[in-house]
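Letter by letter, the chains look like this.
Protein chains: 2
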Amino acid sequence: MELDCLDLTKKTDEYFGKVVVLKGWIKNHRKQKEFGFIDFSDGTCLGNIQVIYENDLVDFDEIQKYRIGSAICVEGEVVKSPKAEQDFEIKAKKIELLGDSLEDYPIQPKRHTREFLREVAYLRPRTNLFQAVFRVRSVAAMAIHTYFQERGYVYLHAPLITGSDCEGAGEMFQVTSLDLDHLPRNDEGEINYHEDFFGKKTSLTVSGQLQGEAFAMAFKKIYTFGPTFRAEVSNTKTHASEFWMIEPEIAFCDLEELMNIEEDALKFIIRYVMEHAKEEMKFFNQYVEPGLLDKLQVILDKEAVRITHEEAIDYLIKSGKDFENKPLHGEDLAKEHEKYLTEELFHAPVFVYNWPKDIKAFYMRVNDDLKTVAAVDLLVPGAGELMGGSQREERLDVLLDRMKAMKVDESELSWYINLRKYGGCVHSGFGMGFERLLIYLTGVDNIRDVIPFPRTPRNCEF
Amino acid sequence: MELDCLDLTKKTDEYFGKVVVLKGWIKNHRKQKEFGFIDFSDGTCLGNIQVIYENDLVDFDEIQKYRIGSAICVEGEVVKSPKAEQDFEIKAKKIELLGDSLEDYPIQPKRHTREFLREVAYLRPRTNLFQAVFRVRSVAAMAIHTYFQERGYVYLHAPLITGSDCEGAGEMFQVTSLDLDHLPRNDEGEINYHEDFFGKKTSLTVSGQLQGEAFAMAFKKIYTFGPTFRAEVSNTKTHASEFWMIEPEIAFCDLEELMNIEEDALKFIIRYVMEHAKEEMKFFNQYVEPGLLDKLQVILDKEAVRITHEEAIDYLIKSGKDFENKPLHGEDLAKEHEKYLTEELFHAPVFVYNWPKDIKAFYMRVNDDLKTVAAVDLLVPGAGELMGGSQREERLDVLLDRMKAMKVDESELSWYINLRKYGGCVHSGFGMGFERLLIYLTGVDNIRDVIPFPRTPRNCEF
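In order, the protein sequences belong to chains A and B. Just so we're aligned: 183 in our numbering is position 181 of the first sequence, and the numbers increase by one with no gaps anywhere. Just so we're aligned: 358 in our numbering is position 356 of the second sequence, and the numbers increase by one with no gaps anywhere.
A portion of the hints provided could be inaccurate.
Just so you know, same-sequence chains aren't split out, so a pair can sit in one copy or run between any two.
[What the hints assert, rightly or not] Computed list of lysine to any residue pairs in SDA-like fashion (alpha-carbon distance at most 20 Å, straight line):
(1) Lys12 with Val23
(2) Lys202 with Leu180
(3) Lys95 with Phe18
(4) Lys269 with Thr11
(5) Lys280 with Arg153
(6) Lys20 with Glu91
Since the hints were derived computationally from the structure, they do not count as laboratory data. In this text, all values refer to a predicted model and were calculated from it rather than measured experimentally.
The whole structure should be built from the sequences, with the hints applied where relevant.
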């Protein structure tokens, strides 16, 4: 009976005394004169299965030569393990080599640095750490889809190639099919983008929010979950040039209700991942971030605090702490401020809302004080900002004023403006960087280690 | 009690006689002297809810002016409808205008052409047709995730920006952060890509398969589901420049088993969508493609036929039909051939496998006859090719020979080649264009109408 290791691990009792067939890879191989141990895995679950073979096998000598990394087929009996820490092992009747591994196989059973493993990103998912990381990535993605779909949200694939620029940010990649060696030019000597693929200059999107708003005006509740891009030359642990975002958008939803949704979604995702990736989460808790599970339990158990930006600054000033960045009304929060609020003051997730309008985007709804906008950041202990959202400006005249004041080009956004002319309504949405969530969930602190094949400045391998 | 239309429609019995609050949009408005009817929807389910208001409401005259497309809040009692074709209607106690719609609102309650609706793609999801299309798009995406996750596949986000080119296809978009007006050049006068963002020339991916293979060698079973790009100047009903693909890849899986998985997955997805988007599928069956549900039922009921490419050509020749494209051994199948096989000969889905190697990609496994490769296309009645897959070439020497023969550049693919050195094994995978699936599921025959904001040559609006 051919099985996945996952089946065998989940339903071991069913298989005791039976002969099973497993196909997978050798993770470690310890040889004795009269027998040998193979740590075996097919990657369907975390951890290895121990295979024992003895010298009564006809090709015993051959088997002893099998190298780490090789693909093999094991036929053997599932037997109770004499060791306490494992339930069962496989007593091999036959071991067949399916694919050899060369001696220079880079993933040896020893501790490799994460830096080294990035250089062999195509092999690193074979290590325990990255088995756990990328399975949790997969499970967390499913958690997100499950949360929104069960609640009637429509999943929107927002376009990646765009002629417009959501936040007026200049840091976009250009997309072109022009031959750069022979650029077409007009009479003024300028590049003639009429001859480019789309008949105009195009870029990779930085957000699907604006398209999300259009769909929220049709389906009430929608979410995007797709890649976004930043051509920012920033080599930090939290910046990548290509990353995935979740951007829900909800009609007839104000800032208060948005915070409810954010909190509910986050709790759901954490619960789902803890339940569907138990072994992986235990692994992170033990080897990557001791205390991780407690940290996540706090989010599940506590209600998030809700304070205005003004109150946040007041708390920071009152703290009497000697911050490197002086907390100031009307200005952004620094990492150390977020840390103080979540980890020292409240020991809980904190919503900071009603931000100074001058440091926020044009589409956020202006509050009655005319100084702040109905924006909200969700800060969590141990990671800072995890979600950023806002009530959107639904009033046509106010939106146009804000676009003018912030020098946002209206020409590519007339359709977006029109949403305010045709049954516009109170609506809100938020964005969550998927990788930021993963960093938070796993304790793995570098974005390069939660993306299968990360793209960062000067790095586009594999 | 504030409700979504979906809740109310699903659990109408619970709400009879109760007062509910609904927020949504006016789809149609018929006025009489002493009362009025509003066709109302919040977009959470297909179809409208009828709201009746009478002239006992204080702002009756105001309400009568509310235009189509406006956002309103309705408070009213759920009552049995006197009409047979609907269960209930809302007898309004209060109707409040939340957001006006201008008179030039393009989505009036009449038949609009799909061409016109493409020009207002940001509004078209408000029509019945596109409500149905984009909800089915969302439901089908969930079907795919559910199928693979329930079976232990790991969801892989393959990279979008790439330095390599999977199929040796030239039709890729270039991605750059260089200033095209001031291109940096080296001593030879060539563009100096060392100064580009990634330190080399980069493009948008045409497939995540190669990275998928790397992950299948770690997790056994993986799938991608993400955007891919083609810079092909092709204005047909089935080509878009940006579209989503599903690419599962399975280790220790041969061509036979791959066909089993393809068939099982397709049946699951169809069943899931028919169950989770019942109203929408009925709508397509009635208004878009009469016979659609029967067509899909055939797929569920019948086992797919499996024939070799050689047999397929033999069948075509034997048919005695006067094809425009003469069927020839060693050559590709034309649309009319696919149509004959699926719709006239077998009346069932047909797997055509073992294709002539010269017309297939370098990574497909060469069969023992040295003339064919272990590739398989799944053809379905009414749509032709829906999935394309193959067993991958796991033999290092054969792969290298094929790459040389087909002039595939090895330099960017050394990691891919290495997969054959470190525990390589029999493995297979397939690709399915998500939009092609949607065209098949909905009967909507133009790819521009199943993508929220389609990108095609000279078209990158919204």
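Quick rundown of the hints versus the structure:
| no. | hint | verdict |
| --- | --- | --- |
| 1 | Lys12 with Val23 | within (16 Å within a copy, 47 Å between copies) |
| 2 | Lys202 with Leu180 | both (11 Å within a copy, 17 Å between copies) |
| 3 | Lys95 with Phe18 | within (15 Å within a copy, 68 Å between copies) |
| 4 | Lys269 with Thr11 | neither (28 Å within a copy, 29 Å between copies) |
| 5 | Lys280 with Arg153 | between (25 Å within a copy, 17 Å between copies) |
| 6 | Lys20 with Glu91 | within (12 Å within a copy, 62 Å between copies) |
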